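Engineer: Chain by chain, the residues:
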Amino acid sequence: MKNILEVKNLTKKYRDGDIQVTALDNISFKLQEGHDLAILGPSGSGKTTLLQLAGGLDSMTEGDVIINGQSIKKLSDQEISDFRNKTMGFIFQMINLQSFLTAKENILVPMLILGTPKEEAEEKAKELLEQMNMINRANHLPSQLSGGEQQRIAVARALANNPKIIFADEPTGKLDKKNSELIIDILESLSREKGMSVVMITHDENIAKRFSRIIRLENGIAKKDSNLDNK
Amino acid sequence: MKISNILNLNIKKLKVNPKKALFLIIPVTVLITLSIIISSQVQNIKEALSSSVFDTISNQYTLLTVQTEEESFDPTTMFKGESSFEQSKFSSVDIANIESIEGVKSASLQKVIPIQNISTSDLFPEKTVSLKNLSTLDEETASLYTTEDFTYTKDNPIPIILSANSFTYTYEDWSQGNTVIINMANPQAEVPSQNGQRGRATIEKTEAIEYTKDNLVGRTFAISFGGLDSIKSYTTSMDRVTRTITITKLTDEEYNAKIEERKSAITKYWDYDKISTPITYTFVIVGIDESESSTTNYIPESFANVLMNRYISNEINARVVDEIPTNVLNSDFMGITYNGDELSPSGFGGVISQIGGRFEERMGQSGVIPEEGRNVSASDISFSAITIPGLVIDINSDDNSVVGTLDNPNIYSTATKYANGINVVLSSITYRSQVIKALNKAGYAYQDLGDLDVFENLENTLETVSNAFLISFIVLVASIVILTMGKLVSESTREIGIFRAIGMRKKDILTMFISQSILYVFIGYLSGLILGIGLNFLSSTFVSSWFDSFINETVSQTFNVVNTVEENIFTNINWTSILIYSILLFIISLIVSIIPSMSASKISPVEAIKNE
Ligand SMILES: Nc1ncnc2c1ncn2[C@@H]1O[C@H](COP(=O)(O)OP(=O)(O)O)[C@@H](O)[C@H]1O
Ligand SMILES: [Mg+2]
Chain B
360 MKNILEVKNL TKKYRDGDIQ VTALDNISFK LQEGHDLAIL GPSGSGKTTL
410 LQLAGGLDSM TEGDVIINGQ SIKKLSDQEI SDFRNKTMGF IFQMINLQSF
460 LTAKENILVP MLILGTPKEE AEEKAKELLE QMNMINRANH LPSQLSGGEQ
510 QRIAVARALA NNPKIIFADE PTGKLDKKNS ELIIDILESL SREKGMSVVM
560 ITHDENIAKR FSRIIRLENG IAKKDSNLDN K
Chain D
17 MKISNILNLN IKKLKVNPKK ALFLIIPVTV LITLSIIISS QVQNIKEALS
67 SSVFDTISNQ YTLLTVQTEE ESFDPTTMFK GESSFEQSKF SSVDIANIES
117 IEGVKSASLQ KVIPIQNIST SDLFPEKTVS LKNLSTLDEE TASLYTTEDF
167 TYTKDNPIPI ILSANSFTYT YEDWSQGNTV IINMANPQAE VPSQNGQRGR
217 ATIEKTEAIE YTKDNLVGRT FAISFGGLDS IKSYTTSMDR VTRTITITKL
267 TDEEYNAKIE ERKSAITKYW DYDKISTPIT YTFVIVGIDE SESSTTNYIP
317 ESFANVLMNR YISNEINARV VDEIPTNVLN SDFMGITYNG DELSPSGFGG
367 VISQIGGRFE ERMGQSGVIP EEGRNVSASD ISFSAITIPG LVIDINSDDN
417 SVVGTLDNPN IYSTATKYAN GINVVLSSIT YRSQVIKALN KAGYAYQDLG
467 DLDVFENLEN TLETVSNAFL ISFIVLVASI VILTMGKLVS ESTREIGIFR
517 AIGMRKKDIL TMFISQSILY VFIGYLSGLI LGIGLNFLSS TFVSSWFDSF
567 INETVSQTFN VVNTVEENIF TNINWTSILI YSILLFIISL IVSIIPSMSA
617 SKISPVEAIK NE
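Chains B and D supply the protein sequences, listed in that same order.
360 is the number of the first residue of the first sequence in the working numbering; add one for each residue after it.
17 is the number of the first residue of the second sequence in the working numbering; add one for each residue after it.
Worth double-checking, as some hints may not be accurate.
Claimed, not checked - The calculated lysine to aspartate or glutamate pairs, modelled on EDC-like cross-linking and capped at a C-alpha distance of 16 angstroms, are:
#	chain 1	residue 1	chain 2	residue 2
1	B	432	B	365
2	D	523	B	441
3	D	626	B	417
4	D	522	B	436
5	D	523	B	436
6	D	522	B	441
7	D	290	D	245
8	D	618	B	417
9	B	523	B	417
10	B	536	B	508
11	D	18	B	441
12	D	523	B	438
13	D	618	B	436
14	D	279	D	289
15	D	248	D	277
16	D	248	D	230
17	D	522	B	563
18	B	523	B	547
19	D	284	D	339
20	D	284	D	348
21	D	221	D	189
22	D	62	D	583
23	D	221	D	268
24	D	248	D	268
25	D	522	B	384
What the hints assert, rightly or not - So, partial list: chain B residues that the calculated Cβ filter (under 8 angstroms) puts toward chain D:
#	residue
26	391
27	392
28	437
29	464
30	469
31	494
Stated by the list, open to error - The calculated label-pair distances, taken between Cβ atoms and stated as ranges, are:
#	chain 1	residue 1	chain 2	residue 2	range
32	D	34	B	533	23 to 31 angstroms
33	D	503	B	578	54 to 62 angstroms
34	D	538	B	497	24 to 32 angstroms
35	D	554	B	453	46 to 54 angstroms
36	D	20	B	578	46 to 54 angstroms
37	B	536	D	509	31 to 39 angstroms
38	B	536	D	538	48 to 56 angstroms
39	D	596	B	499	41 to 49 angstroms
40	B	489	D	554	52 to 60 angstroms
If you are wondering where the hints come from, they were derived from the structure by calculation, not from laboratory data.
Just so it is clear, the structure is predicted and the values come from calculations on it, not from any experiment.
Here a beta-carbon is modelled for each residue, glycine too, at the ideal position from N, C-alpha and C.
Please build the complete structure, drawing on both the sequences and the hints.
Structural biologist: Structure (structure tokens):
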């Protein structure tokens, strides 16, 4: 089966003044299309760094990332931007909606960037709002929504262009238990129901367990890549 | 991403969070408002200046009047061996000379009306003003002085342009007693000088009369022409040894005797009443020439012929004899002289030219002072010749000898006229200084007293204000856009990071921020446009009253003809300037906003994830 994501000997070193920090050290793994994966590790272990490199948000020091068969290393800004827009979806720990756009408008933006016709985009946004049980909050600004509601909108936005892969960086970190469950349920169901690949980043063992595969990170080094049988 | 979508996002951002935008919108509003008011009012003031002042001033200042050195009979010159009677005059040669100067549109002779006693008692209460210099002026040149009609129509008041320098009156000052002795070695010590004027060897004093131009223009008044000279109520005698002039007041008997003496001399040849009564005409003042250098009063050319015809006819009609003997003309009477070609004003005929000749004989070629003991009394000279108004003496052009009287009332219209001034009309006011230089180089002394500085200063100030504002405008627009947009970009890193993470290209971010700054500038521009037009309208009253006081305090005291300005001239809007400012605003904003927008586009999508 085709790999949606291939991480090859990925190394990231940050230079902070005179001190050099190796956030990722020679990480390699593959993720098949329609499969999901949890990256588990304590704070500062390099999880976010891994997501940033794999998602083409930041430059790598060494190694390579191949998404959907395409190395992202030498892509132009336009190409990598289009990649992020069309093929990938991101959900962040910090809730990252545009404060000046309503819930629906936030969901519409990726589709407008892609060039989806307006009516089609509106239709899709409505569909997603319904799916997130947020249809009656469509015209609310993020400041008028609770944290859980905001994160559901963020999930909807990540799904807007039907990406092949979703990157979620501790999406429940700032949420209460009930909302966390809701978000995890949605993300967990994506690969099963929609055939999307999901990369779930978490420091929570219990959340990680709900995904097919876990990569344990410790000080930027992959300790264990386990296939869990219960999934 | 489609530009329309990017614009849409900008508008939504502005709607939700207008406060940040105000940092750019308000300064732009203020700048545009100011640019409208400043550029419009600068233009309005300039326009008001040109319609109220420059219109007439620049007209007037395209006219230069070159005058011959004025020489009146001054006894002190006799000691210096100068001829007191020779007066320079201009001819068509001078016209040709001056017209060849670049920048001169036309030159015309100021033809003096050869009438000696021209005066009016109508203008100022209890003061008789004599118009010493009366010339003709063509309509075109007259239009430089007045907007009124300058044509002569029979039975209507005759238009006249008066020189403010004519508004003087002369009186005798006997405060030092009945005898005044003037030491010629130091004449000023004895005769008090007035307003820095040179003290003269006379007890006659001349004072300027205060006047208000507005009260004079449009006034109808009578001028009398001719009549006999007033007889001086004193005698003047000179002593060469002590170098003194003694002025002695006549007793009433002596004075009356002189009048009787003259009367009996005149009565032999003329009807005394007819010859001594001046002729009068009614005039209307159409302009006052207030330039410092001018002393000439102007009447229409066509009226001069009528006037001279009547003036000469009056003398012919007053005669009681058929013919006045040549020797009598030569010794006893003075009048206008005609040498077969040119008419000269009185005072240069028969006896005077002969006395002048005799003086020259005595003084010799070297101009040495006459022998001691042979004093000459000036009063004797003036008494031996009586000026007869309207008398035209025909003289031989070769030797200046008297031929007889010339009994042709129309002689003025055909003769070459005596001219002591030239009106030089410039093609444009810009040639003024250049032409003045050329005139002086050609020997026509012209002192430029025209004080155009006030206007040049104001125009320069206005020019400086608009230029300074234009430069400030450019600098301010550039710095305001760069500062506020820079601030906005740095406050938008997370927003930019999010857009980048969900697929916006660098190019889209660039477009987004450039269009954002243009949007804010445009809003500021629109409100500035409305505010500026409104405030410009409101400020018109203020500017108008300032302009009026400027005109009253500065200009109308220096310059004569000032038109009034309608207040609504100040509500005008300088659309051309506004267009320029608008184009500048948008071009500068566009160029300058590229800088912060470029840095916005370089913000990494990682910024979206950073915990703060
Ligand atoms: N921009 C950066 N500059 C320097 N060091 C960084 C930067 N981002 C992350 N790090 C360091 O890299 C390591 C991994 O960080 P991160 O990927 O955020 O870990 P996690 O997401 O697992 O908490 C940490 O030691 C962190 O301090
Ligand atoms: Mg992290």
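Engineer: Hints first: check each against the structure and report whether it holds.
Structural biologist: Hints and how they fare:
| no. | hint | in the structure |
| --- | --- | --- |
| 1 | 432/B to 365/B | holds (12 angstroms) |
| 2 | 523/D to 441/B | holds (12 angstroms) |
| 3 | 626/D to 417/B | holds (12 angstroms) |
| 4 | 522/D to 436/B | holds (7 angstroms) |
| 5 | 523/D to 436/B | holds (9 angstroms) |
| 6 | 522/D to 441/B | holds (11 angstroms) |
| 7 | 290/D to 245/D | holds (14 angstroms) |
| 8 | 618/D to 417/B | holds (12 angstroms) |
| 9 | 523/B to 417/B | violated (20 angstroms) |
| 10 | 536/B to 508/B | holds (13 angstroms) |
| 11 | 18/D to 441/B | holds (14 angstroms) |
| 12 | 523/D to 438/B | holds (12 angstroms) |
| 13 | 618/D to 436/B | holds (10 angstroms) |
| 14 | 279/D to 289/D | holds (10 angstroms) |
| 15 | 248/D to 277/D | holds (14 angstroms) |
| 16 | 248/D to 230/D | violated (36 angstroms) |
| 17 | 522/D to 563/B | violated (36 angstroms) |
| 18 | 523/B to 547/B | holds (15 angstroms) |
| 19 | 284/D to 339/D | holds (11 angstroms) |
| 20 | 284/D to 348/D | holds (12 angstroms) |
| 21 | 221/D to 189/D | holds (7 angstroms) |
| 22 | 62/D to 583/D | holds (14 angstroms) |
| 23 | 221/D to 268/D | violated (21 angstroms) |
| 24 | 248/D to 268/D | holds (12 angstroms) |
| 25 | 522/D to 384/B | violated (30 angstroms) |
| 26 | 391 | violated (24 angstroms) |
| 27 | 392 | violated (20 angstroms) |
| 28 | 437 | holds (5 angstroms) |
| 29 | 464 | holds (7 angstroms) |
| 30 | 469 | holds (5 angstroms) |
| 31 | 494 | violated (20 angstroms) |
| 32 | 34/D to 533/B: 23 to 31 angstroms | holds (29 angstroms) |
| 33 | 503/D to 578/B: 54 to 62 angstroms | violated (40 angstroms) |
| 34 | 538/D to 497/B: 24 to 32 angstroms | holds (30 angstroms) |
| 35 | 554/D to 453/B: 46 to 54 angstroms | holds (52 angstroms) |
| 36 | 20/D to 578/B: 46 to 54 angstroms | holds (49 angstroms) |
| 37 | 536/B to 509/D: 31 to 39 angstroms | holds (32 angstroms) |
| 38 | 536/B to 538/D: 48 to 56 angstroms | holds (49 angstroms) |
| 39 | 596/D to 499/B: 41 to 49 angstroms | holds (46 angstroms) |
| 40 | 489/B to 554/D: 52 to 60 angstroms | holds (57 angstroms) |
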